[in-house]
Amino acid sequence: AQRVTQPEKLLSVFKGAPVELKCNYSYSGSPELFWYVQYSRQRLQLLLRHISRESIKGFTADLNKGETSFHLKKPFAQEEDSAMYYCAPQGGGYNKLIFGAGTRLAVHP
Amino acid sequence: NAGVTQTPKFRVLKTGQSMTLLCAQDMNHEYMYWYRQDPGMGLRLIHYSVGEGTTAKGEVPDGYNVSRLKKQNFLLGLESAAPSQTSVYFCASRRPDQIEQYFGPGTRLTVT
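Heads up: the sequence lines are chains A and B, in that order.
Numbers 3 to 111, taken from the working numbering, label the letters of the first sequence in order.
Numbers 5 to 116, taken from the working numbering, label the letters of the second sequence in order.
It is possible that some hints are incorrect.
[Unchecked claim] Under the rule of at most 27 Å between Cα atoms (straight-line distance), these lysine-lysine pairs were calculated in the DSS-like manner:
(1) B:61 to B:13
(2) A:98 to B:75
(3) A:67 to A:11
(4) A:98 to B:74
(5) B:61 to A:98
(6) A:98 to B:13
(7) A:98 to A:67
(8) B:74 to B:13
(9) A:24 to A:59
(10) A:67 to A:17
(11) A:75 to A:17
(12) B:18 to B:75
Treat the hints as calculated values from the structure; they're not laboratory data.
Same shape as in the complex, but just chain A:
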């Protein structure tokens, strides 16, 4: 079965601390992997995708196929990073997204 696990419901850190939001997936085939973010009172939006190997707003994510993980990292968290983060593999018929339960990141001053 296709499954995404984000083990932390809430991650609370102080400004300037490193953050790592964990994501493990169980998925047949070779899915594309994404992180979506939802800031307070805003719509869900794409943060980054593994295939582009980019850094967005200081965040990076490394795909580890052996461990089937796609953890999101940032070396120095900022208050404006506070949001809900969803890990989402995409694949299968018509490229449907499967979302994890989400991790709420709270960055305190």
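Starting from the known structure of chain A, fit chain B onto it as the hints suggest.
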């Protein structure tokens, strides 16, 4: 260019009532999706459509119906609302040749 819009933003229904949620996109996207978002469960796919006149079931389709009569609109219907359908509903769309899905702002539905 409004992107993806959803109507209404909020709604309260009594058990057994019916309603239709409207999703509209002005980006000429072929694919459209309806999700529900519940605490601790992330977003789950209800139904999706890969083109005008076509719909398909997602992960949690029971209790919902959809229609895609026009390419730009994707309607989600609840024929007889139940408290278990209290949720935030999101619509999304994308082009077949692109990966990114574009989301609407959501509709908060409460069924009492």
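Outcome of the hint check:
A C-alpha spacing of about 24 Å is found between residue 61 of chain B and residue 13 of chain B, which places the hinted pair at or below 27 Å, so the restraint holds. Taking the CA atoms of residue 98 of chain A and residue 75 of chain B, the gap is about 19 Å. The hint holds against a cut of 27 Å. Distance check on the hinted pair: residue 67 of chain A and residue 11 of chain A sit about 23 Å apart at the alpha-carbon level, within 27 Å; holds. Note on residue 98 of chain A and residue 74 of chain B: the hinted pairing holds, with a Cα-Cα distance of about 21 Å set against a maximum of 27 Å.
Between the alpha carbons of residue 61 of chain B and residue 98 of chain A the distance comes to roughly 11 Å, so the proposed pair stays at or under 27 Å and holds. Restraint check for residue 98 of chain A and residue 13 of chain B: the C-alpha separation of about 25 Å stays at or below 27 Å, so the hint holds. In summary, the hint linking residue 98 of chain A to residue 67 of chain A is supported, as the alpha carbons are separated by about 20 Å, within the 27 Å threshold. Restraint check: the Cα-Cα separation between residue 74 of chain B and residue 13 of chain B comes to about 21 Å, which is no more than 27 Å; the hinted pair holds.
In summary, the hint linking residue 24 of chain A to residue 59 of chain A is supported, as the alpha carbons are separated by about 18 Å, within the 27 Å threshold. Restraint check for residue 67 of chain A and residue 17 of chain A: not satisfied, since their Cα atoms lie roughly 31 Å apart, outside the 27 Å limit. The hinted pair formed by residue 75 of chain A and residue 17 of chain A meets the criterion: a straight-line CA distance of about 14 Å does not exceed 27 Å. Straight-line distance between C-alpha atoms of residue 18 of chain B and residue 75 of chain B comes to about 31 Å, which puts the hinted pair past the 27 Å bound.
Consistency note: the structure conflicts with the earlier hints numbered 10, 12.
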